[in-house]
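Construct the entire structure; sequences and hints are all you get.
Which chain is which? The protein sequence lines are A and B, in order.
If you read the first sequence in my numbering, its first letter stands for residue 1, the second for the next number, and so on.
If you read the second sequence in my numbering, its first letter stands for residue 1, the second for the next number, and so on.
I should point out that these hints are in silico values taken from the structure, not numbers from a laboratory.
Far from chain A, by Cβ distances over 12 Å, these chain B residues were calculated: (1) P10; (2) S177; (3) D217.
Heads up, incomplete: computed chain B residues facing chain A, CB under 7 Å, no partners named: (4) K88; (5) A92; (6) H99.
Okay, the calculated beta carbon distance ranges per label pair: (7) B:P169 <-> A:S140: 53 to 59 Å; (8) A:R86 <-> B:A206: 47 to 53 Å; (9) B:E196 <-> A:V83: 51 to 57 Å; (10) B:A24 <-> A:S57: 40 to 46 Å; (11) B:M1 <-> A:Y97: 42 to 48 Å; (12) B:H101 <-> A:E236: 33 to 39 Å; (13) A:L56 <-> B:T168: 55 to 61 Å; (14) B:T168 <-> A:Y97: 33 to 39 Å.
All C-beta atoms, glycine included, are put in the ideal place defined by N, C-alpha and C.
Each chain, letter by letter, is given below.
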Amino acid sequence: MFRNQYDTDVTTWSPAGRLFQVEYAMEAVKQGSAAIGLRSKSHVVLACVNKTNSELSSHQKKIFKADDHIGVAIAGLTADGRVLSRYMRSECINYSYSYESPLPVGRLVVQLADKAQVCTQRSWKRPYGVGLLVAGLDESGAHLYYNCPSGNYFEYQAFAIGSRSQAAKTYLERRFEKFMGSSRDDLLKDALFAIRETLQGEKLTSSICTVAVVGVGEAFHILDQGTVQALIEAFEIAGEEAPASEPTAADQPPPEPGVAADQGAPAEHDAAPMDI
Amino acid sequence: MTKQHQNWSPYDNNGGTCVAIAGADYCVVAADTRAVGCISPFTGAVRQKLGMLRVISHLGMFGGELSRADKSLMASSGFQADVRALQKVLAARHLIYQHQHNKQMSCPAMAQLLSNTLYYKRFFPYYAFNVLGGLDTEGKGCVFTYDAVGSYERVGYSSQGSGATLITPFLDNQLKSPSPLLLPAKDAVTPLSESEAIDLVKTCFASATERDIYTGDKLEIVVINADGIRREYMELRKD
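Encoded structure:
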C-alpha cells in the first residue's frame with residue numbers, strides 16, 4: 001500500500017479501478033487486535049483479544065450485545081464500532097417493536113452493509129474503519145457474518161480478523177468442517193485455541209481475552225472472566241510464557257478510559273477494567 | 001348552523017381494575033384480566049368479552065427470564081390498545097437503558113420514565129391508568145400512582161381503573177396510610193406481612209367484582225420481593 005495521487009478522497013477511482021480510501025479502511029481493520037468467530041448448527045461463539053496500551057488503562061470493549069439473539073465483535077477503529085453497534089441495537093429494538101419478533105440476522109447485516117456502502121460514495125464522508133463479526137441466531141439457524149468497511153458482507157463457518165488473524169484462520173481452516181456438528185463446549189475450546197494462535201507464544205489468560213456465546217435457548221452474553229479462566233485451564237491451553245511481553249499495536253485510537261465497560265469480575269493481575 | 005360534533009372517538013374504555021400495595025420488603029401488584037368491548041343498554045346489557053389480557057407488564061424482564069434483577073411491575077387499566085402501546089414503548093426504552101448503563105432500571109427511575117412518557121403525549125394522551133410497583137434502591141416496597149398524563153406520586157398503596165372507587169376507600173380504612181403532608185415524614189409502606197397483603201388484595205377484588213360490571217373473571221397477582229418475582233391467580237365472579 002503506497003501513497004499515490006488517487007487516494008485523497010473516497011470518490012476518486014484509480015486508473016486500475018480501485019478505491020484506495022476503501023482499501024485503506026480495510027487496512028485499519030487489519031491493524032486492530034484479533035477477533036474470531038465460529039459457529040455450529042445451534043451456537044455461535046465470538047472471541048477477541050483484549051490488550052491494553054498500558055497497564056494503567058482499562059480494556060477496550062470489543063464485543064457488544066445487539067439483542068438477545070445477536071452480538072458483534074469488532075476489530076479496527078473501536079469508536080466506529082461503538083457507533084455501529086449502537087445502530088444495530090436501535091434497529092433490533094425498532095424491528096421488535098413493530099413486528100414483535102427478533103430481527104433476522106441476515107437483514108441486519110444487509111442494513112449494516114448498505115450503511116457502510118453509503119460512506120464509500122459520498123465525498124464528505126469516510127468509510128467506517130472497523131470490521132464486524134456478527135453472530136446471531138434466528139429461525140433459519142445460527143449465523144456468522146463478516147461486515148467489511150467496503151460494504152461487502154459474507155457468511156462464514158468460522159473467521160478471524162485483526163492483527164495476526166492469519167494464524168487463527170489457518171487453525172480454523174484445518175478444523176472448520178466439523179464445526180457444524182460441534183457441541184457448545186467444543187466450539188468454545190476451538191475459539192480459545194484460535195485466539196491462542198494469534199498470541200504467538202504469549203500466555204493465554206482470561207484477562208487478555210473476551211468470549212461471548214449465543215445459541216438455541218441461550219441469549220447472547222459475554223462470559224465472565226472466572227468462567228473463561230476455568231475453560232482455559234480445563235482445555236489446558238495456557239501456552240508458554242513469552243520472555244518479554246510488550247504491548248503490540250492494539251486497537252487504533254488509544255482507548256479512552258471512560259469508554260470501556262467492565263466485562264465481568266475485575267482482573268486480578270492486570271489493570272482493573274473501569275466499572276460503570 | 002351548529003357545529004357538527006365528532007361522533008367517533010379514538011378511545012374506548014375496556015375497563016379493568018388494578019391495585020398495588022407496598023410492604024417493608026415486598027410489593028404486591030394485582031389486576032383483573034377482564035377486557036370489555038362495549039356494554040350497551042339496547043342489547044340488554046350483553047357485553048362483548050375481549051378475552052383475557054396481560055395487564056401487568058414486567059418492566060424488568062429481559063429475554064423472558066424472571067430474574068432477581070427485575071425491579072418494576074406496571075399494571076394498567078383503561079383503553080387496552082393504549083395500554084399495550086405504553087408497555088411496548090417502556091420496554092423498548094428500558095432495553096436502551098440497559099444497553100447504555102449495563103444494568104436494569106431502578107423502580108424510581110422507571111417511575112420517572114413512565115411519567116415522562118405519558119406527558120410526552122399530553123395533547124393526545126394514552127388512555128391508561130397506571131400503578132407502578134416494585135422495590136426501591138434500598139429494597140423497600142414502593143408504589144407509584146399515575147393519572148393519564150403522567151402526574152405521579154409515591155404512595156404506600158393505590159388503586160386505578162373502573163373498580164378504584166370501590167377499592168380505594170376500603171384500602172384507606174385498612175391500611176391507614178399516613179398523609180404525605182405530615183412532618184416528620186412517616187413511612188408509607190404497610191406493616192402487614194406479604195401473605196396478609198395478598199389476602200387483602202383478594203378481598204378488595206372479590207368485593208369490587210360484586211358491584212363493578214367491568215371487573216371480574218380472573219385476578220392476576222404478582223409479588224416482588226428480595227427472592228424475585230412470583231405470580232398467583234384467583235378466580236373471580238364471571239358475571
